[in-house]
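Novice: Okay, here's what each chain looks like letter by letter:
2 protein chains.
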Amino acid sequence: MKISILCIGNELLSGKTLNTNASWISRKLSDIGCDILEHLVVPDKKETIITGLEHLTIKNPGCVIITGGLGPTDDDITRPTIFEYVGTDSRFDEDYWTLLSEKFQKLGMSIPASNRNQALVPINGEVIENPGGSARGLKFLLNGEEMLFVLPGVPSEMKDMMNASVIPWIKENVKTSTSTRTLRTTGIPESALIEEIVEPISSNHGCNIGYYPSLYGVDIRISSGFQDKVNELSNKLYNILGHKIYCEGEYDIENVVVKNAIDKDKTIALAESCTGGLIGDRITDTGGSSKVFKGSMVVYSNKAKIDLLGVNKNTLDSFGAVSEEVAKEMANKVRKTFLTDYGLSVTGVAGPGGGTENKPVGLVYIGLSDENKTEVRRFNFSSDRKKNKLKTSQVALDWLRLTLINE
Amino acid sequence: MKISILCIGNELLSGKTLNTNASWISRKLSDIGCDILEHLVVPDKKETIITGLEHLTIKNPGCVIITGGLGPTDDDITRPTIFEYVGTDSRFDEDYWTLLSEKFQKLGMSIPASNRNQALVPINGEVIENPGGSARGLKFLLNGEEMLFVLPGVPSEMKDMMNASVIPWIKENVKTSTSTRTLRTTGIPESALIEEIVEPISSNHGCNIGYYPSLYGVDIRISSGFQDKVNELSNKLYNILGHKIYCEGEYDIENVVVKNAIDKDKTIALAESCTGGLIGDRITDTGGSSKVFKGSMVVYSNKAKIDLLGVNKNTLDSFGAVSEEVAKEMANKVRKTFLTDYGLSVTGVAGPGGGTENKPVGLVYIGLSDENKTEVRRFNFSSDRKKNKLKTSQVALDWLRLTLINE
Numbered sequence: 000m001k002i003s004i005l006c007i008g009n010e011l012l013s014g015k016t017l018n019t020n021a022s023w024i025s026r027k028l029s030d031i032g033c034d035i036l037e038h039l040v041v042p043d044k045k046e047t048i049i050t051g052l053e054h055l056t057i058k059n060p061g062c063v064i065i066t067g068g069l070g071p072t073d074d075d076i077t078r079p080t081i082f083e084y085v086g087t088d089s090r091f092d093e094d095y096w097t098l099l100s101e102k103f104q105k106l107g108m109s110i111p112a113s114n115r116n117q118a119l120v121p122i123n124g125e126v127i128e129n130p131g132g133s134a135r136g137l138k139f140l141l142n143g144e145e146m147l148f149v150l151p152g153v154p155s156e157m158k159d160m161m162n163a164s165v166i167p168w169i170k171e172n173v174k175t176s177t178s179t180r181t182l183r184t185t186g187i188p189e190s191a192l193i194e195e196i197v198e199p200i201s202s203n204h205g206c207n208i209g210y211y212p213s214l215y216g217v218d219i220r221i222s223s224g225f226q227d228k229v230n231e232l233s234n235k236l237y238n239i240l241g242h243k244i245y246c247e248g249e250y251d252i253e254n255v256v257v258k259n260a261i262d263k264d265k266t267i268a269l270a271e272s273c274t275g276g277l278i279g280d281r282i283t284d285t286g287g288s289s290k291v292f293k294g295s296m297v298v299y300s301n302k303a304k305i306d307l308l309g310v311n312k313n314t315l316d317s318f319g320a321v322s323e324e325v326a327k328e329m330a331n332k333v334r335k336t337f338l339t340d341y342g343l344s345v346t347g348v349a350g351p352g353g354g355t356e357n358k359p360v361g362l363v364y365i366g367l368s369d370e371n372k373t374e375v376r377r378f379n380f381s382s383d384r385k386k387n388k389l390k391t392s393q394v395a396l397d398w399l400r401l402t403l404i405n406e
Numbered sequence: 000m001k002i003s004i005l006c007i008g009n010e011l012l013s014g015k016t017l018n019t020n021a022s023w024i025s026r027k028l029s030d031i032g033c034d035i036l037e038h039l040v041v042p043d044k045k046e047t048i049i050t051g052l053e054h055l056t057i058k059n060p061g062c063v064i065i066t067g068g069l070g071p072t073d074d075d076i077t078r079p080t081i082f083e084y085v086g087t088d089s090r091f092d093e094d095y096w097t098l099l100s101e102k103f104q105k106l107g108m109s110i111p112a113s114n115r116n117q118a119l120v121p122i123n124g125e126v127i128e129n130p131g132g133s134a135r136g137l138k139f140l141l142n143g144e145e146m147l148f149v150l151p152g153v154p155s156e157m158k159d160m161m162n163a164s165v166i167p168w169i170k171e172n173v174k175t176s177t178s179t180r181t182l183r184t185t186g187i188p189e190s191a192l193i194e195e196i197v198e199p200i201s202s203n204h205g206c207n208i209g210y211y212p213s214l215y216g217v218d219i220r221i222s223s224g225f226q227d228k229v230n231e232l233s234n235k236l237y238n239i240l241g242h243k244i245y246c247e248g249e250y251d252i253e254n255v256v257v258k259n260a261i262d263k264d265k266t267i268a269l270a271e272s273c274t275g276g277l278i279g280d281r282i283t284d285t286g287g288s289s290k291v292f293k294g295s296m297v298v299y300s301n302k303a304k305i306d307l308l309g310v311n312k313n314t315l316d317s318f319g320a321v322s323e324e325v326a327k328e329m330a331n332k333v334r335k336t337f338l339t340d341y342g343l344s345v346t347g348v349a350g351p352g353g354g355t356e357n358k359p360v361g362l363v364y365i366g367l368s369d370e371n372k373t374e375v376r377r378f379n380f381s382s383d384r385k386k387n388k389l390k391t392s393q394v395a396l397d398w399l400r401l402t403l404i405n406e
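Protein sequences appear in the order of chains C and B.
Residue numbering for the first sequence is 0 to 406, as defined by numbering that gives the first Met the number 0.
Residue numbering for the second sequence is 0 to 406, as defined by numbering that gives the first Met the number 0.
These aren't lab readings, by the way, just hints derived from the structure by calculation.
Any given hint could be a false lead.
Note that identical chains are pooled: a pair holds if it fits in a single copy or bridges any two copies.
[Stated by the list, open to error] The list that follows gives simulated cross-link-like pairs (lysine to any residue, SDA-like), each with its CA atoms no further than 25 angstroms apart:
no.: 1; residue 1: 265; residue 2: 284
no.: 2; residue 1: 290; residue 2: 17
no.: 3; residue 1: 243; residue 2: 210
no.: 4; residue 1: 15; residue 2: 153
no.: 5; residue 1: 386; residue 2: 215
no.: 6; residue 1: 265; residue 2: 373
no.: 7; residue 1: 265; residue 2: 244
no.: 8; residue 1: 102; residue 2: 211
no.: 9; residue 1: 385; residue 2: 116
no.: 10; residue 1: 45; residue 2: 210
no.: 11; residue 1: 390; residue 2: 107
no.: 12; residue 1: 358; residue 2: 208
no.: 13; residue 1: 358; residue 2: 286
no.: 14; residue 1: 390; residue 2: 131
no.: 15; residue 1: 390; residue 2: 111
no.: 16; residue 1: 386; residue 2: 23
no.: 17; residue 1: 235; residue 2: 223
no.: 18; residue 1: 58; residue 2: 42
no.: 19; residue 1: 105; residue 2: 398
no.: 20; residue 1: 290; residue 2: 379
no.: 21; residue 1: 170; residue 2: 142
Assemble the whole structure, with the sequences as input and the hints as a guide.
Specialist: Here it is as structure tokens:
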């Protein structure tokens, strides 16, 4: 099915907000075999929204998806504009208004009058429920053939509504389908990855392949009109890359770590310094992580490392906080403190300050301790503060993942 | 000056590549007072590029910026398409071809014939040098008034050429400039915010106002051709909203917390349960945070709350881990453990599991302790796991911010 996307919002045009909505919708719909014709971004202005829709519909897409401008404020003019474009009257939905008012009451507030426009529903059109917010979506059949969906611009709400309402409709109405698998790898740079898999990817496999490097690793996206071709090539890549592929699709490495730990009945504790709590944050993004994750000691000062974690003062004085020896003690001590199977530690120079010639910004030691041994690995990420933290967390979680596999 | 942006490339429409070019160009040009009319993304197809340009030029922008499709491969058809659209012949630039060939030779390769199209230059138009790559840009005057710039899609090359060639031209030709301020608020929903500031925003202030809600709060962006009008309206909003505005521009609340703590010479420790380390992660995203942040006890089990933090077992047994009493003890104990001025605690039901009728998913208690007292506040975010964590961290950091202001 041919799809066009219209994003409405001054924040996109001022460059204040990156248009992740158009990209996310395109990826999701490309995965199920849709052809995305165009993205258009226009301001919250009635005439520009209408000329934009006119431009997009000239190409006869099977579906137009609009995002943004459904909020309660004056600059949110998508709803009345679309009612006018479609040529429908609207009515005030008293039931929804009562529901919204009660939501506000629960938060201890009275509902502002400006929210009233969110209770307007079209006579010739449908409403799409929004479990995550007050701006419900809209659905219209244009000229008896094109479907027009209108969704809020808040990414989480838009995604939920796409998944619950728009994608099921498209799947039902799409005529050709594409199969896709995304193999997620970490710990190997893109160019080295391609060298390893050059043989299968140069063969006559009949698939499209895309490589998407990020701070987390490189994702390999394989798609084709034939599921068995996608599977055949995926299997060949698995045979070469093995556990360098940590999972498929939209799962993250922390989900894999938690799942593996639950499967193997192993518990985890962390001693974090330069990551400040990020590794614990990532692990606890996974539902059910409390079964295996017992806690983290974020020891951001030497004093805390000594007093709370029990790192030897002499070790700190002799080798410094960012050292193999301190990482080793941290991993070992935190495992014993929380009485877990594994203790994982990180200590490093996140930057931008604090770097020296011997210990530059980006230098990180990661320790992993179990009842038999404690190992330490050294990394130099030489990036900025946030990226150093993120890369450290990814490498640490990957080490834990690989260790759990071998349990 | 009014600007329209046309991005050409299948990778943008499949969602493989996020359109950071449109966003970057928009931000740079908004900052120097340009008004960005529209972004349009089209595939590498001649007729779609031409209808796209026709659509964008209807609005009479002073300048159209095109990115993408200037590479050497078959699917890079921007150059001949634009020559046709502008109505210019081209000639083969022998000097540039020699230069390119030498570049390839230096890399130990012979230049592919497909690169020849990169040496084509327009008769009625100019070439923009590309110090970072082989795809030079193009510049045309349309109808004697609109300027058309064509740049490569590789972000680093595009940015260098924007900075060296396009932005200087726009600055010279821009007739009006725009001033902008973004006031960031938190803790008040968009509709309630508007009600509070209805008087100044309904007055004849001569500014454009945009509202940008997110999980962090609502940003208010005020812009006008006159700096003093922006300042006047901003001051009125400050008079009403006061400390509900936590900062301006691109700073985050954690930056403000760290700055205030440094200014007031106060130290902070955290006891995190449901946030799993997120609050510490956010605080330590700020450079220099080690001056005031001493650490966090991420106590994800009852046992850890008792053994490591010293929460009373009876309190846990009587009231449960998610309770006012436990939040109070956590805040108080962690302050004493780390010997800091403040102890901040969070305990809650992040979800999706673990909710009960009395303690539903999203219920969170936040505690804040100093040497004089320990207070606890109760929230119900009733959202999904990640959002509950994020909202909790935002409310907790905001409480800390407001407390530090009053120090």
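Novice: So, for every hint listed, does it hold in this structure?
Specialist: Against the structure, the hints:
no.: 1; hint: 265 - 284; in the structure: within (18 angstroms within a copy, 30 angstroms between copies)
no.: 2; hint: 290 - 17; in the structure: neither (37 angstroms within a copy, 33 angstroms between copies)
no.: 3; hint: 243 - 210; in the structure: within (15 angstroms within a copy, 44 angstroms between copies)
no.: 4; hint: 15 - 153; in the structure: both (14 angstroms within a copy, 21 angstroms between copies)
no.: 5; hint: 386 - 215; in the structure: both (10 angstroms within a copy, 21 angstroms between copies)
no.: 6; hint: 265 - 373; in the structure: within (16 angstroms within a copy, 37 angstroms between copies)
no.: 7; hint: 265 - 244; in the structure: within (22 angstroms within a copy, 46 angstroms between copies)
no.: 8; hint: 102 - 211; in the structure: between (41 angstroms within a copy, 21 angstroms between copies)
no.: 9; hint: 385 - 116; in the structure: neither (41 angstroms within a copy, 29 angstroms between copies)
no.: 10; hint: 45 - 210; in the structure: between (38 angstroms within a copy, 17 angstroms between copies)
no.: 11; hint: 390 - 107; in the structure: between (42 angstroms within a copy, 17 angstroms between copies)
no.: 12; hint: 358 - 208; in the structure: neither (40 angstroms within a copy, 48 angstroms between copies)
no.: 13; hint: 358 - 286; in the structure: between (37 angstroms within a copy, 17 angstroms between copies)
no.: 14; hint: 390 - 131; in the structure: between (31 angstroms within a copy, 14 angstroms between copies)
no.: 15; hint: 390 - 111; in the structure: between (44 angstroms within a copy, 22 angstroms between copies)
no.: 16; hint: 386 - 23; in the structure: both (23 angstroms within a copy, 19 angstroms between copies)
no.: 17; hint: 235 - 223; in the structure: within (15 angstroms within a copy, 58 angstroms between copies)
no.: 18; hint: 58 - 42; in the structure: both (22 angstroms within a copy, 13 angstroms between copies)
no.: 19; hint: 105 - 398; in the structure: between (45 angstroms within a copy, 21 angstroms between copies)
no.: 20; hint: 290 - 379; in the structure: between (33 angstroms within a copy, 24 angstroms between copies)
no.: 21; hint: 170 - 142; in the structure: within (21 angstroms within a copy, 46 angstroms between copies)
Checked against the numbered hints listed earlier, the structure breaks hints 2, 9 and 12; every other hint is satisfied.
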